[in-house]
Amino acid sequence: MLFCSIAFNLLDSPFFRGFIRKWMPGIKVVPTRHAMEGPVLERLLAIIVVSIKEASSAGAFVSLSFDGWKSIADRKLIGMLESLVDISSGALTLDFRGTTDIPSLAETTELVVGQVEKELSTARPANDYLTPLPSGHFDDACASVLTSIVSDSASCSVGAKKQFSQKHRSIIMVACTAHQFNLLTANMITHPALKPSADKCSRLVSLFKQSTKYWRQLQMCMDETLGWRKSLERRGETRWFSHHAVVQRLLELKPALESFSNRFNADRALQATANGAAVIDLLRSQSFWEETELMARLLKPIVIEIGLIEKRTSNLADVCAAFGRLYAYYKQLRAETAVAPPVGGAVSPLFLVAADPAVTALTHHICGSVLGFLQWRLSKYFDASLLVLVHFLDPKRHVSGLRTTAGSPAEYANLMRLFLSLAARFGLPRAGDIPAEKESAEAVKSVQAFSAYLGGGNKDLLAFDFPPGGGPRIAAVGMWQMATTFRGTILPAVARRLLSVPAHAAEMERVWSGMGLANTPICNRINKDRLTTMTKVVVHMRADAAAARRPRMTYAPGSLVGETLAAAVASGGGGERRGYGFPPSTRMTATSWRWTRSMKRRASTRRQESCRRRWMRSIRPWGRKTWRPLSSATVGRPRWT
Amino acid sequence: MAPIVLGDGGTAEVDVSEADGAAAADLVRAVTDFIRTGCAAAHATAGEVTSGADGPRWTVDSTSQLGDLVNTEWYLAHARVVYRV
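Heads up: the protein sequence lines correspond to chains X and C, in order.
Heads up, the first sequence is in this note's numbering, so the first residue is 1 and it goes up one at a time.
Heads up, the second sequence is in this note's numbering, so the first residue is 642 and it goes up one at a time.
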């Protein structure tokens, strides 16, 4: 009832109660509407509160995120959410703190600051978490400490974070990377060179969304040419994947759309509509399809990065890696489209150069702009020194992918200086912890530990990289906790605190998504407190469901899959027996085994999909067996009888 | 070896491979002060890494260029796998 927008008063319906009794034969009491919104909801909430309390009392690094939302009844809400990363294991727990109604107030910096202060003042007496001391160290009165504040880049949020950074120097302010990359896609499609193509796609989608007649005709074309049906996607400025989804779906439906254009090329009714003639011209234009394909290819890396970043366990190290990959990809693409690629080159090009020189030039031009936007977003919204350091402190990444040559920012001496600065910012070690006569010895130990880590000390930590399971977890935090190599120095404390900082505020968007499920046009008078309680339960149930789900086995950066495949290729195959390119002599690491299993599952899925399509073709849509062949007389009318 | 200019104006030679050797004595002193005293106020972007031989080197700050931060070849190989291109 919480997820499906079913009103609670349905529980008073005798038919529904009968259905519940049949559906769940063991159920003793079916709650009434009033019991559901009262005791049942309160009991669920109490369970959640207890589990959150356990997480915070065990000690956690807390990140606060906030965002605004407008309900279906045009009520403005501002919400607060905290992410708790367990200090020892890195296990992640979410706590939706609640919402505040701001019906007639403008969203200003002062308003946001006031709301965050209110949230901090609520957390303090409950001993949920505390802000760090002015020195940067934890307050011993509470086991959990606020380490970061994450939000989107709305001006009021940025202003609020600036004020807090002046007040609490050791709290790290983070811009939501998923929002930033979404804005990057918007930068790309509003580029003067691509905007006309994006507008054409929107016009095409609008025609089929507005006309049920032609949408039905297109569905018939899909049945004939593709054997399946899919709906067209619409662009939404705040929907993260919609820009790419629009063009990708058009490309998937290209055969059906071309079939439609061929069939209705001379259709007078279509030509008479506002966009009909223009849409037919577009569908028959080669340049339109080339530009659409170009848009899809250019947007794809950013969409993939948004998908990686918005994972619950992503942190600032992932942000650095995402910037690195995007920069390398677009730089290479720009270089390849500047001149014709060398024939017989050792490195295959990333992108096939189009036959039309205009598309190649367009790609080159847009890649240059994307690189500029990428650099601008890094400079304006992110602290490069933090990103470099957290990349380095992540044992799985270390210095791989960073430039460590003399004069580079990730030069060892510079990393040392950045680390010491951050340790000082975090107040480590705490004044008075170390006797004055031992300070030099402690400093030596810290420097030695950092030197050892620089020299490949991450391998000691990687031994504690256990497979995921039992809920989301930031593995790097657990590794730093369990490894004994650097214990007794400030290195693990700095690393764990920095690695616990999330990369995004996507959780807050998920909260609004959950709230939107309950707050629909038919349930628009539900009061704010109940809506918030229901959403808290939904967030928690979703997290539980995600924890219970089997982890997806995907390629993990730093695994040996690449080397294994290279070895297979170098040995001239030999893995045909297994069918996945692995020679029998190749060492199967845990990761490559997981990858193999993933490939097997994909192959199985492909087989199932193939069977399903054959079955669909055999039975015809709607299960009817009678078939009337297409003729000119049937065009424009339903063909299935 | 690169002299590090710390927040208190002092410098220290850093060679991570010999940090526990005699050459690290100055560094240890500077680091001790750095941790204990008001140098804690120095932000990561406030310092400057210099080299005695070839003049000032730039450090990581908010104007850092992506091309200088990341190893393009390494991340290009990574991007090929992640983006499947």
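Rather than coming from a laboratory, the hints here were simulated on the basis of the structure.
One should not assume that every hint holds.
No farther apart than 25 Å at their CA atoms in a straight line, the calculated lysine to any residue pairs in the SDA-like style are these [claimed, not checked]: (1) Lys167(X) / Leu707(C); (2) Lys254(X) / Arg725(C); (3) Lys331(X) / Arg725(C); (4) Lys380(X) / Val726(C); (5) Lys254(X) / Gln706(C); (6) Lys331(X) / Trp240(X); (7) Lys213(X) / Val726(C); (8) Lys254(X) / Val726(C); (9) Lys70(X) / Lys380(X).
Taking the hints in turn, this is what the structure says about them:
no.: 1; hint: Lys167(X) / Leu707(C); in the structure: violated (30 Å)
no.: 2; hint: Lys254(X) / Arg725(C); in the structure: holds (22 Å)
no.: 3; hint: Lys331(X) / Arg725(C); in the structure: holds (17 Å)
no.: 4; hint: Lys380(X) / Val726(C); in the structure: violated (30 Å)
no.: 5; hint: Lys254(X) / Gln706(C); in the structure: violated (40 Å)
no.: 6; hint: Lys331(X) / Trp240(X); in the structure: holds (24 Å)
no.: 7; hint: Lys213(X) / Val726(C); in the structure: violated (39 Å)
no.: 8; hint: Lys254(X) / Val726(C); in the structure: holds (22 Å)
no.: 9; hint: Lys70(X) / Lys380(X); in the structure: violated (28 Å)
In summary, the numbered hints that this structure violates are 1, 4, 5, 7 and 9.
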